[in-house]
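As they're listed, the protein sequences go chains U and H.
Taking the numbering used here, the leading residue of the first sequence gets 1, the next gets one more, and so forth.
Taking the numbering used here, the leading residue of the second sequence gets 429, the next gets one more, and so forth.
Keep in mind the hints are simulated off the structure, nothing from the lab.
Among the clues, some could well be false.
Stated by the list, open to error - Computed beta-carbon distance windows for the label pairs:
{"hint": "1", "chain 1": "U", "residue 1": "GLU356", "chain 2": "H", "residue 2": "GLU497", "range": "54 to 60 Å"}
{"hint": "2", "chain 1": "U", "residue 1": "ASP169", "chain 2": "H", "residue 2": "MET549", "range": "45 to 51 Å"}
{"hint": "3", "chain 1": "U", "residue 1": "ALA411", "chain 2": "H", "residue 2": "GLN591", "range": "35 to 41 Å"}
{"hint": "4", "chain 1": "H", "residue 1": "GLY440", "chain 2": "U", "residue 2": "LYS331", "range": "32 to 38 Å"}
{"hint": "5", "chain 1": "H", "residue 1": "GLU497", "chain 2": "U", "residue 2": "GLY414", "range": "38 to 44 Å"}
{"hint": "6", "chain 1": "H", "residue 1": "THR545", "chain 2": "U", "residue 2": "PRO117", "range": "53 to 59 Å"}
{"hint": "7", "chain 1": "U", "residue 1": "ASP169", "chain 2": "H", "residue 2": "THR545", "range": "42 to 48 Å"}
{"hint": "8", "chain 1": "H", "residue 1": "ASN453", "chain 2": "U", "residue 2": "GLY414", "range": "46 to 52 Å"}
{"hint": "9", "chain 1": "H", "residue 1": "SER572", "chain 2": "U", "residue 2": "PRO100", "range": "39 to 45 Å"}
{"hint": "10", "chain 1": "H", "residue 1": "GLU487", "chain 2": "U", "residue 2": "HIS49", "range": "42 to 48 Å"}
{"hint": "11", "chain 1": "H", "residue 1": "SER572", "chain 2": "U", "residue 2": "ALA411", "range": "22 to 28 Å"}
{"hint": "12", "chain 1": "H", "residue 1": "GLN591", "chain 2": "U", "residue 2": "ASP78", "range": "40 to 46 Å"}
{"hint": "13", "chain 1": "U", "residue 1": "ALA98", "chain 2": "H", "residue 2": "SER572", "range": "38 to 44 Å"}
Said to hold, decoys possible - Now the stretches of chain H that chain U is said to cover, found in silico as 3 or more residues with beta-carbon under 8 Å:
{"hint": "14", "stretch": "467 to 480"}
{"hint": "15", "stretch": "492 to 502"}
{"hint": "16", "stretch": "509 to 515"}
{"hint": "17", "stretch": "532 to 539"}
Stated by the list, open to error - As a list, the in silico SDA-like pairs of lysine to any residue whose alpha-carbon atoms are at most 25 Å apart:
{"hint": "18", "chain 1": "U", "residue 1": "LYS375", "chain 2": "H", "residue 2": "LEU590"}
{"hint": "19", "chain 1": "U", "residue 1": "LYS375", "chain 2": "H", "residue 2": "GLY576"}
{"hint": "20", "chain 1": "U", "residue 1": "LYS273", "chain 2": "U", "residue 2": "GLU408"}
{"hint": "21", "chain 1": "H", "residue 1": "LYS558", "chain 2": "H", "residue 2": "ALA618"}
Just so it is clear, the structure is predicted and the values come from calculations on it, not from any experiment.
Even for Gly, the Cβ is constructed at its ideal location relative to N, Cα and C.
Read off the chains here:
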Amino acid sequence: MIKLATETDAVWSSFFEEMKGKGASGLRQAAWEAFNTKGLPNRRVEAWHYTDLKAALAKPAPIAAVSSAAPELPRAHDSLRLVTLDGVFRPDISDLSALPEGVKVQSLRDALAQGAPGVMALIASADVQTNDAIVSLNAALMQDGVVLRIAGGLTLDRPIELATFVSSDEAQSSFTRSLVILGKDARATIIETAGALAAAPAQDNQALVVRLASGASLDLVTHASGQGEGLVRVMTLLAHLDEGASFNSHALIEGAGLLRRQIFARLDGERVKVSLNGATLARGRQHVDTTLVVDHALPDGESRERFRNILDEQGTGVFQGKIVVRPHAQKTDGVMQSKAVLLSDHATMNNKPELEIFADDVQCGHGATCGRLDKDQLFYLMARGLPRPEAESLLIEGFANEAFEGLENEALRGFLVSRISQWLAARS
Amino acid sequence: MLEIKNLHVSVGDREILKGLTLTVNDGEVAAIMGPNGTGKSTLSYVIAGREGYEVTQGEVLLDGEDILELEPHERAAKGIFLAFQYPVEIPGVATMTFLKAAMNAQRRSRGEDELQTPDFMKRVKEAAAKLGISQEMLRRPLNSGFSGGEKKRMDILQMALLQPKFGILDETDSGLDIDALRVVSEGVNALRSPERAFLVITHYQRLLDYIKPDSVHVMAQGVIQRSGGPELALELEERGYQEYLGEEAA
Chain U
1 MIKLATETDA
11 VWSSFFEEMK
21 GKGASGLRQA
31 AWEAFNTKGL
41 PNRRVEAWHY
51 TDLKAALAKP
61 APIAAVSSAA
71 PELPRAHDSL
81 RLVTLDGVFR
91 PDISDLSALP
101 EGVKVQSLRD
111 ALAQGAPGVM
121 ALIASADVQT
131 NDAIVSLNAA
141 LMQDGVVLRI
151 AGGLTLDRPI
161 ELATFVSSDE
171 AQSSFTRSLV
181 ILGKDARATI
191 IETAGALAAA
201 PAQDNQALVV
211 RLASGASLDL
221 VTHASGQGEG
231 LVRVMTLLAH
241 LDEGASFNSH
251 ALIEGAGLLR
261 RQIFARLDGE
271 RVKVSLNGAT
281 LARGRQHVDT
291 TLVVDHALPD
301 GESRERFRNI
311 LDEQGTGVFQ
321 GKIVVRPHAQ
331 KTDGVMQSKA
341 VLLSDHATMN
351 NKPELEIFAD
361 DVQCGHGATC
371 GRLDKDQLFY
381 LMARGLPRPE
391 AESLLIEGFA
401 NEAFEGLENE
411 ALRGFLVSRI
421 SQWLAARS
Chain H
429 MLEIKNLHVS
439 VGDREILKGL
449 TLTVNDGEVA
459 AIMGPNGTGK
469 STLSYVIAGR
479 EGYEVTQGEV
489 LLDGEDILEL
499 EPHERAAKGI
509 FLAFQYPVEI
519 PGVATMTFLK
529 AAMNAQRRSR
539 GEDELQTPDF
549 MKRVKEAAAK
559 LGISQEMLRR
569 PLNSGFSGGE
579 KKRMDILQMA
589 LLQPKFGILD
599 ETDSGLDIDA
609 LRVVSEGVNA
619 LRSPERAFLV
629 ITHYQRLLDY
639 IKPDSVHVMA
649 QGVIQRSGGP
659 ELALELEERG
669 YQEYLGEEAA
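From just these sequences and the hints, can you work out the full model?
What follows is the structure in structure tokens.
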């Protein structure tokens, strides 16, 4: 079959011409070829069945121009913040000087220019394992990002925030890739913030690679929000977890345009614990997709996935979760749960949990539900004096908050809960 | 206090209450006894304002005011309280958050100031102690993982905090062991006062050994069939409801 080059293909090609000389040319070239083989995912690609990215990105926006503007950025946390703005890491507006000893930060651009093999292998790892076209595109066109290394044995007492904002009033594309590497037995809390300062139809493709050495422990708190119906954002998280590592992820995804968050977590060592949790909020015509693959490669792993979707008006939610248990991964213990509540007749939820089990001594289960607010619960609260909107809000908050019960950092849990309250307060 | 006049209620095409009339005076504890499936719970839901029950005829007056047009929360603010036969579990909603929201919502609709946290905490602690509700229970999500007895005690705690004018106890004894029954009954008895009235709905006489009624009403086939004093409960316990079932039993 002859593949006809479209106008869109020509735009992507011009982007690649622009980026291919900016370090890691071998990696970029391989990723570009991988992307070209697959093309942008459409609904015929199973993993993208509910999110038609090809349609959403029919008109690729030009790659963000490097800017030195320093806009006022909202600060929501007591954290050490590392800012990536419009695709470029910005040391000038980051808290670099306050970083504790044992924490090293480098821009992705510098890392690519240096080409240290260990770092390069990690940078490339996303593409080797996911076989996902949008991740390949990210590698081919990556502009910048943060490489954050936390030394073995170190315990961070203050969270580090990786904040990525798009700010332009024009339609722009950005491709960022960041790495968080924890040495043996290191412990840290990382906040991943994805925001938008303007309502322009930005196209934002982010990848975050997490590598935990044996015994390391990471709490990752993700908060995505945005403005404008035209925003198209894909956030990919790729986690490699060595023996005895512990990885807890809690995400609040506030809908804005189309957003897909995809997680590929690989348990590369024995006795790894993974807990992935999230709440998503969508209204208007927002589309929020959470897709994850948890790959148990070795024995005695434990994974817990708990997701809550709240969909109002014509909002659409997607949850696709797959737990893979490879033949060696005996004694794996996995439980995946996705629940959705529809607040309007026009909201939609697509739930697709899957188990792929090749080992015989495992405990795995999944559950998915989708429904309205419970009438009995609503009446109970109203019979105690709560007016309907207040009763509904309390139920929705309770439903969403279940996703954050395992988050030990109280300030961060309070922040996520307060965002949910604000979203509810804006309900019409 | 509460007057129910010729109340007809349907669910779908089926008429459940067929012209029920009942008056409960200030300070009175009225017991409604009757066989299962006779509309006792329907009556409690209609008074509290649950959706899905169509009132086709009749009135329910609280202190002379018809409450049938009011939303459940408005009825609650006017002093109606329903202790549920099956209190619902609400995972994710902290018990204390709920208690405070309920108390303050009622205060707001009555035009009163909201409770400050220390005052609120003090009230909850005192009331909980009397009902044997532990701090640990208060820290859990509302009714989540509670036993039947714990849920009923939590409902009575809410009643103690909200201080309603008119309390409806819907089969409060169901699922309770003797110890829990005593605790719950003591909680109710402590709230008895000349300004407050209760409607105690039950299938068995047992509850009425603990909560002594002033009047007893036999409900069957959607109406009050007979009214009397406390001795009527004993008679029912002995003779059953057979004679009130009419054609339905045939």
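Out of the numbered hints, which ones does the structure contradict? Violated hints: 4, 10; rest satisfied.
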